[in-house]
Structure formats: structure tokens, C-alpha cells
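Asks: Working from the sequences, and respecting the hints, build out all of it.
Protein chains: 2
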Amino acid sequence: MSAETLAVESDFFAPRTAIDDLLFAFLTEKAQTAPVPGQSALILMLRDFISGGKRVRPLLCVTGWIAAGGRGDLTQAVRLAASIELAHTCALIHDDIMDASDSRRGRPTVHRALADRHHIPRLAQQYGTGGAILLGDLALVWSDELLHTTPMPDAHRARVLRCVDLARSELIAGQHLDLLTTGRLHASVETMLSIIRYKTAKYTIERPLQVGAALAGAGPDVMNACSAYGIPLGEAFQLRDDILGVFGDPDRTGKSRLDDLREGKCTSLVVHALRVCGPAQAGRLHTLIGDPDIGEREAAEVCSILTSTGARRAVERMIEERYRQALDSLALAPFPADAVRTLKDVAEAVVHRAA
Amino acid sequence: MSAETLAVESDFFAPRTAIDDLLFAFLTEKAQTAPVPGQSALILMLRDFISGGKRVRPLLCVTGWIAAGGRGDLTQAVRLAASIELAHTCALIHDDIMDASDSRRGRPTVHRALADRHHIPRLAQQYGTGGAILLGDLALVWSDELLHTTPMPDAHRARVLRCVDLARSELIAGQHLDLLTTGRLHASVETMLSIIRYKTAKYTIERPLQVGAALAGAGPDVMNACSAYGIPLGEAFQLRDDILGVFGDPDRTGKSRLDDLREGKCTSLVVHALRVCGPAQAGRLHTLIGDPDIGEREAAEVCSILTSTGARRAVERMIEERYRQALDSLALAPFPADAVRTLKDVAEAVVHRAA
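Here the protein sequences come in this chain order: A and B. All residue numbers for the first sequence refer to my numbering, where the first residue is 1 and numbers rise by one. All residue numbers for the second sequence refer to my numbering, where the first residue is 1001 and numbers rise by one.
Keep in mind that the hints were calculated from the coordinates and are not lab data. What you are looking at is a predicted structure, and each value in this text was computed from that prediction instead of being measured. By construction, the Cβ of each residue, glycine as well, lies at the ideal position given by its N, Cα and C atoms. Be careful, since some hints might not be right.
Said to hold, decoys possible - Have a look at the derived ranges for each label pair, beta carbon to beta carbon:
| # | chain 1 | residue 1 | chain 2 | residue 2 | range |
| --- | --- | --- | --- | --- | --- |
| 1 | B | Pro1037 | A | Arg317 | 22 to 28 Å |
| 2 | A | Pro151 | B | Val1340 | 35 to 41 Å |
| 3 | B | Pro1279 | A | Gly254 | 47 to 53 Å |
| 4 | A | Val189 | B | Arg1162 | 33 to 39 Å |
| 5 | B | Gly1038 | A | Ala331 | 34 to 40 Å |
Unchecked claim - Listed next, the stretches of chain B that the computed footprint assigns to chain A, with coverage defined by at least 3 CB atoms under 8 Å from CB atoms of chain A:
| # | region |
| --- | --- |
| 6 | 1029 to 1038 |
| 7 | 1115 to 1128 |
| 8 | 1181 to 1195 |
Replies: The structure is reproduced here in C-alpha cells:
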């Protein structure tokens, strides 16, 4: 989701500078006060890595706060939003290690960049992996520091913390299921949707909205409305990602389209294609997907099968359905008009993005 | 530190059953309510892994609470202590990945056990690493859940959270420095002591005591007394670990003595030996330490150099000095008599343990 698809003048983006400034200042100070020699450079790497993000989750946190009636001084919502972005940074860094990805946001991944700068070749990979695991952990620990130092009414705190803890454990549940399924292309539609729900829908849309809403003291009606909007839209978000992963323009997505294929990810497209295709095409998909050595030509062949089987069209249809569902939920949501307007913009941007 | 070296009737161990029961019940419930299929088995693996620990940190948390005047119902201190153990579990699981260790506590490490149970050989290692990174993350996230649901007076909460956040980020600072130093045996004594201070002394002794003390509402005098005792004793703890790592009995430590050597860890023993030995011995140490292929014969050669250069004796002396310093601090500490007695037992056990 970027300024190309969601007008930069949308209210959604208004807090972005404040969030970025807070993260930059926080990490700069951490680098300047690193307790041991050599760690500053690693912390600055973390700061650089964060600077490339889209801020979907933290911006949704602020939107959730507004949806629950938050008004005026944004300081607390922005601090909580920055905390969410730091936890997400941990997830990305660790995910890239797990997937052995070389690039993210158009740049080398953290473990790769660290390995490249090590001067003893035999130790380089271990150093890259170890340093990146630790930088991810550090991002999560500092996410907690921001969370724990966000001033909030004692009456709201328990629900904010509960939502944050849920968001994180649900993400890991989705990632565990994803990992258990990788290399097994015969996953069911239910399994695939379960991965999408936990790994993306709840984590990326529903929970960030609810964390912000909880900060504003939201009751059950507002929390439920966040779910009614967030889960279908979040599913649409991931389904769009699946499509962009293989059909997107790498210059715009920042990721090679070979990554998803080489890893053998059991995406919505693959699950759909395998349900309808004949044995010859199924054989080709099983051979090509998960093969770490495939190149652009094989990727093009997979794309052609995903298109000719109607899988791409089916996933586009699923996106459209969920987009409608999310919009319909807004008609019933007890949100103020400005929040509804922003959430409509967001829904539009999520489903029609190119990056 | 075990019942062999610290009498089981010591007050220190009294809360152990309550901590273990809470962790077991918490993880059993998590396994039973896992939101996605297949995750239960992973959570039970985490529960099994935790069952083998010594509980030094959580028990020190309860001791800190008593040292700051905590009395009566242990429920809150035990919950906070269990939270500390879960965060430590994350550290251990991630550490084993970073060090590529095969065994821990006499059993396969988590990443190794996961890799062994994968049925596609080509994907097994990636699966083991990925699953273990996620299980470590999950332990940290659930540590937060226990932390966030420990009832505590609002007036004490900020200091408890501050101590927890500090403990975690200091550990990572120590691990980063350790990683930056691995494979570079010419580290200075200062660097080696800095690693020990951050990776162990603060994280294992000082901060757990302070977290418990903060729960009981400790003021600066009690917090400072925790540092005066905890830092020297924690350094002694790590120095003892360095000795046990190469001179210990693997049947009792649960770790192969080849691990530390193969990884090329720049331990206190190595730093000392390199300061005094001649070029021939230095050459052998540089050749052998960090060589992933060395066996028991080479390990025996390293041990012999570490002994003949006086490095082992020098480290034993450092342990003794720090042990004295910790005991002396207790004479001045504003702790109640029962806490002082327990902390004396702990100091004795830390320096004279065999596992």
C-alpha cells in the first residue's frame, strides 16, 4: 500500500511523520547509548531497515484510536503505534531468516547484509543468522519498552496489553502453520485460509485497530466492529500479496517473484490451481514449486498455469468478496464519520495496490 | 547450581514447585487451545524443553521480592518469576541456533529436534531453524503475557517493567558483543569482562533480584544492594561456567565440552592463556579453538595449555575475589535476615557447583 494507490492527502497517512520521527529518534538514542562497543553499528542497521516500511499496522493503530473516539493529542497513540512497528520489524527480520530471503524492500535482508560484512568467510553465514536473530529479538524487546512507557489510563491498560499479546501469539500461530505446510502443496483451502487469517488478517488489520481502540477505552461494540472490518480486509490483503508475489513487478514490490516459488509456499494461488488442474499441470507445479534452483523461465511457466487454471481469477474473486464484506461492515460500525472515511480509503488501497 | 551443591532444604528452592507447576499448567493450556492445527505438538515441545531448567533466575526473582520485604502470599512473585523463565527460554532456544549447538540439558536442542522430525531431508534444517526461531519468539511473547497479567500495585508497575526491559536488552547487548568477538581470540580482558557483565552478571543475578524487589515496591537502597551483590556474583557465575565448559563433566553439565571450543568462544580462560603463553602455545590455541572438526584429543590439548599457562588458576582466583565481594556486600545490604541467609547459600552454590 503506497502513496500511488492511496492519496497521500488521506487522513490515514497524517500520523506517519510523527511515527517515523519517534522511531528514528528512539533508535538513534539507543545507538548513541549502546552499552557495549560495536553494537551501535548494528542498531543503526536496524534503524535503516525500519526506515523502508509502509507503516500499515501503526497507522491502523492510530486509526483504531480515532475510531474509538480518540481526539486531540496524538502523542500516546503514536508511541503505541511505533511499538507495533518495532514488533513487526522483529517479525520481518526473523521471517527473512526462516525463508532464507536475500532481499526485502529492495535491499539486502538483515541476515544477508550482516553475513556480507563479516571478514571470515567460514563464519559469515552463522554470524549473519546469529546477529539477525538478536537484532529481531532486540526490536521486540524495544517494542515492549515503548509499549510499557506509553502513558495510558490504568483502566485501559489491561485491554491494550491483552490485544498486543494476542496479536503477537496469533502471528506466530499463523507462521507455525505456514512452516508446517511449506513443501506440502496439497494443503486444503481451510488450512490456507487459516494461515492467512492468523498470519495476516488478525495481525495486520484487526489487532492493530483494536490496540489503538483499546487505548481510547473502546467497549465491546467498537472492538467487534474492528474485527468485522479487519478480518475480511486482512484476508484480502494477504490474497493480494499472494498475487503480487508471483505476478507483481519486482521493481515495485521490492521482492523477487522467485522467492515465494523457491520456498515452496503453499499460497492461495497454488491451492486453487491444484484443485482444478489435470495431472500434467499438477506434476509441473509439484516439480517447480519448492525447487530452490528455478529461474525466470520456470517462474513464467508457473504463472501461466496459475492463470490458465483460473486460480488467479478465483483469488481475485475472493479479494473482491472480502473487500465488499469489509465495506459493508462499516455501514454498521459505531465509528465516527472521519474514521469510516479513512477505513474506506484503506480498504480501497489494500485491494488495489501494486506494491 | 543444583541440589548437589545447594541443600534442597534451602529456602531458595521452596518456590520451585510453584513456579514449575505454573509453567506446566500455562503451557498445557496453551497447547490445548492452540488456534491452528499442528501447533500443539510444538508447544508441548516447548513445555518439555522448559522442564529441564535450573530456575536460577526465577528463584532469584522470588528471593528479590523477599529481600525487599515481600511476605505472605507468593502468587504474584511466582507469576513474575515464571515470566522471567519463559523469556530465558527464548534466549536459550535462540542461543542454541546461533551457536549451532546440538545438545542442551543432556537432550537435543530445539532446532535439532525439529529438524530430526521433518520428513523431507532437503527442508529439514530450514524447518528446524525456522520452527525454533518461532518457538523462541513465542516463549518471549508468552513471557510478556505472564508479566502483563501479574497483578501488581500501579505504583510499582513502572519499575518492574523497566527492570524487565533492561534485563532483556542488556542480555542482547552482551550476546552481540560475544558474537562480534567470536573467532577473534585476541579480545582484551575488558571486552571479555564486558561480555560477562552484560550476558550473565546483570541478566542472571542482578536484574532478576531487582525485578522481584520492584514488585515489592523496593526503593533505591534495596535496588542498589541487589546490584552490589548481583554483579560480582554474576561474574563469578559466568567464570565458573567458562571453567565447566572445558573442564566440566559432560554427564553433569549436559553439554559437550567440544561446543565452546568449536565455536571459537573467546572465554576468560582463553583470554588469560593468550596473555601469558609463548608463541608455540598461542599458535596451537589459534589453530584449535574455532575449528569445527576438533575432537576429544584436541580438546585435551587445549585443556592442558589452559592449565599449564595458569589460566585456569587465574580464573579460579577471579571467581574467589568476586565471591568475597558478593558476601561482603550482604553485610551492608538492607535485606531482612532470611534473605541474607538465602543469598549466602546462593553465592556458595554459584561458585562451587559442578553443573
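Asks: It remains to establish, for every hint, whether it holds in the given structure.
Replies: Hint check results:
A hinted range of 22 to 28 Å holds for the C-beta pair Pro1037 of chain B and Arg317 of chain A, which are about 26 Å apart. Judged by the Cβ atoms, the range 35 to 41 Å given for Pro151 of chain A and Val1340 of chain B holds: they are separated by roughly 38 Å. For Pro1279 of chain B paired with Gly254 of chain A, a C-beta distance near 51 Å keeps the hint of 47 to 53 Å intact. Checked against the hint of 33 to 39 Å, the pair Val189 of chain A and Arg1162 of chain B fails, with Cβ atoms roughly 47 Å apart.
Restraint check, Gly1038 of chain B to Ala331 of chain A: a C-beta distance of roughly 38 Å satisfies the suggested window 34 to 40 Å. With 5 residues having a beta carbon nearer than 8 Å to a beta carbon of chain A, the region 1029 to 1038 of chain B meets the requirement of three or more and the stated coverage holds. For the region 1115 to 1128 of chain B, the proposed coverage by chain A is satisfied: 4 residues have a C-beta within less than 8 Å of a C-beta in that chain, meeting the threshold of three. Remark: the region 1181 to 1195 of chain B is confirmed as covered by chain A, as 5 of its residues place a Cβ nearer than 8 Å to a Cβ of that chain, reaching the required three.
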